[in-house]
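Working from the sequences, and respecting the hints, build out all of it.
Given next are the chains, with one letter for each unit.
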Amino acid sequence: MLLTGCVGFGEEYTRVAGFSNRDAGAIVLKGTTLAPRLGNPVHRVCETPAGMLNAIGLQNPGVDVVVKQILPTLDFTETRFIANACGSTIEEYAEVCRRFDDSPIDAIEINISCPNVKEGGVSFGNYPEVSGRVVAACRRATAKPLIAKLSPNQTDIQANASACIEAGANALAVVNTVMGMAIDVEARRPVLANVQGGLSGPAIRPIAVLKTWQVWQVAKRHGVPIIGQGGIVDARDALEFIIAGATAVGIGTALFYDPLACRKINAGIVEYLDRHRIGQLADLVGSLGTDSSPPQACA
Amino acid sequence: MNRPHHGTIFLEDACVTALQAFPGHQYLLRLEAPQCAARATPGTFVHLQCAADIPMRRPLSIMNADPATGTIELLFKVVGIGLRALAHTTPGARLSVLGPIGRGFEPDPARPRAVLIGGGVGMPPLRFLATRLATGGAWRPIAFFGSEVPFPFRPARAATALHGIDHRIDASDPLLESLGVPSRLASLATFDGCYRGYVTALAAEWLAALHAAERNDVAIYACGPAAMLQAAAAVARDFGLPAAVCLEEHMACGVGGCAGCVVPVATPDGPAMKRVCVDGPVFDARAVYPEIFAGA
Ligand SMILES: Cc1cc2nc3c(=O)[nH]c(=O)nc-3n(C[C@H](O)[C@H](O)[C@H](O)COP(=O)(O)OP(=O)(O)OC[C@H]3O[C@@H](n4cnc5c(N)ncnc54)[C@H](O)[C@@H]3O)c2cc1C
Ligand SMILES: Cc1cc2nc3c(=O)[nH]c(=O)nc-3n(C[C@H](O)[C@H](O)[C@H](O)COP(=O)(O)O)c2cc1C
Ligand code: FES
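Protein sequence lines correspond, in order, to chains A and B.
No gaps in the numbering here: position 288 of the first sequence is 288 in the numbering used here, and each next residue is one more.
No gaps in the numbering here: position 91 of the second sequence is 390 in the numbering used here, and each next residue is one more.
These aren't lab readings, by the way, just hints derived from the structure by calculation.
Take the hints with a grain of salt, since some may be wrong.
Straight-line distance between alpha carbons at most 20 Å, and here's what the computed SDA-like set of lysine to any residue pairs gives [what the hints assert, rightly or not]:
#	chain 1	residue 1	chain 2	residue 2
1	B	K573	A	G39
2	B	K573	A	A193
3	A	K144	A	G223
4	A	K264	B	A351
5	B	K573	A	N194
6	B	K573	A	P41
On the chain B side, residues computed to face chain A include the following (Cβ under 7 Å) [as the list claims (entries may be wrong)]:
#	residue
7	H305
8	I308
9	Q319
10	H549
11	V554
Just so it is clear, CB atoms sit at the ideal spot from N, CA and C, and this is done for glycine as well.
Dropping the structure here:
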């Protein structure tokens, strides 16, 4: 999958010769709010060791423009398109989902990491109980498959995953960016205008793999699939997430390195399955072995 | 599907054919990138990987593109880790190049006197523009370049005098001189034959000596540091001229996907955030600096 915030509203990367939306199983569109947002001032991005920080500020034209003007320009035969719903209040999340409900969108991902204006800007996703309320409100608003995107910036991701599943999430995206900050020491100022931003890229991969494995312990009991993400740049990285429990994987930052990475990752996974004589990807999901329980021998 | 931009940016493993060092940590880099070379226009840029261990790309303007030989030329000044690493590349090395990217200059044929104002590493897209205008029809380009480090070429003695410019100011860009495009150089440092002051002040002196009727043929094209672009916009306002400015901003994707590289722009529908990479990097100065033109 191609991850939200990295591929605009689904068509941007088709500028690159050789890139095709068909190479991705799904494309998650940019985070969308009820009203249009201009987003943050610049700088919005900066490179950091093995990754980058971003603070885009949810620049988007608002859900009505997305549904009425952008979705009709997308070719739904090429891949599946997933919306990413954002809000400052629980009501806003639900309303965004309701407006996507009557559209060709294939699924809705709920970005529960947004700041909650009623609680002084603390992220909804920090608290399992609040996360559950957001998902429940969205659940009532749409019959589309719902993906809850979990934040790594919280104490107990397993409790949060449980709350989202109980509230009706059909899948979990693990994980969103890790909050970080970079300082221009010469100017003694933050590099990002927003001061803090989300860290992505290989720097967060070990964190994301751990969170995926932790969430898997909860999700497997409910048969809820995980979309693993955070710093994947090649097939080996993707396999880490799958072995830890992810059914699907997504890339964002890796596209900035190599816009044609998707095809290579898919080919690398197929090569791995062949080499290990594993019939289907599902057999690999959550197949992590430990000393007390070695990996299952594959057929 | 209506996809006018589809497949217009190419990913190439470009071979380094030359790297030439100039004073002030400036480098001219020549690359074999045939698909990019075939499509590049002045103002477009490449997003390139400086070294294998620095995966995020760096945007650099295309200074020249030769479709016949498949080569492109870049000129850069070392700033930080990325361009420092790039300065250590060697002929034969391969660099991942994504380009050409962006909407470049769209010179207005109704205003054949194109005044090019470039500062520092803002010169490359304007040298490219001058090259293309010199070989294409009725254009009468003229360039004013400024630099606070020695110019990344050995200045030539200008062959022809320019009305309104002191004859002792005769240092010019040898490339443009060879193409028959007049140019003059400016610096706050004391360089032989250069105007001592801001490049925008030099351009204003030349514009002031034109007849009002001649100014109807003029449009300004500028690239350089933000302060220079604002000064160029003020010159355009003072002389009632249109101006296009080529902007810089930190970039991640370089292809319009991340909205990391935006600039606030005034539009008929109110303020908007435009992406420097694909909506620009060239913008109308009035849209980018409405406050400079307010009341003009
Ligand atoms: C469209 C465009 C064309 C450009 N053309 C040229 C050119 O022809 N010659 C030239 O020397 N420079 C040019 N620049 C500026 C050049 O991209 C930066 O100087 C370069 O990215 C600095 O990288 P660094 O790693 O050396 O510096 P660092 O300061 O270490 O970079 C850190 C991060 O900030 C980004 N960054 C820092 N300064 C800039 C900047 N001014 N613009 C964009 N990103 C920046 C870097 O890309 C990197 O991600 C251009 C910029 C843009 C946007
Ligand atoms: C520039 C940029 C913008 C992003 N915007 C959003 C967003 O609007 N909503 C969201 O849920 N995640 C956003 N993300 C997070 C990504 O979707 C992804 O979860 C994260 O970057 C980890 O994957 P990666 O390391 O492969 O990039 C953004 C990431 C980047 C790099
Ligand atoms: S750099 Fe990503 S949109 Fe311009």
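Status of the hints after comparison with the structure:
1. B/K573 - A/G39: holds, 11 Å
2. B/K573 - A/A193: At roughly 17 Å apart (the allowed maximum being 20 Å), A/A193 and B/K573 satisfy the hint.
3. A/K144 - A/G223: Distance of about 18 Å is within 20 Å: holds.
4. A/K264 - B/A351: holds, 18 Å
5. B/K573 - A/N194: At roughly 18 Å apart (the allowed maximum being 20 Å), A/N194 and B/K573 satisfy the hint.
6. B/K573 - A/P41: holds, 12 Å
7. H305: Check passed: Cβ of B/H305 comes within 5 Å of chain A, closer than 7 Å.
8. I308: Interface hint status for B/I308: holds (5 Å vs cutoff 7 Å).
9. Q319: The hint is violated - B/Q319 has no Cβ within 7 Å of chain A, the shortest such distance being about 27 Å.
10. H549: holds, 5 Å
11. V554: holds, 5 Å
Of the hints listed earlier, the one the structure fails to meet is number 9.
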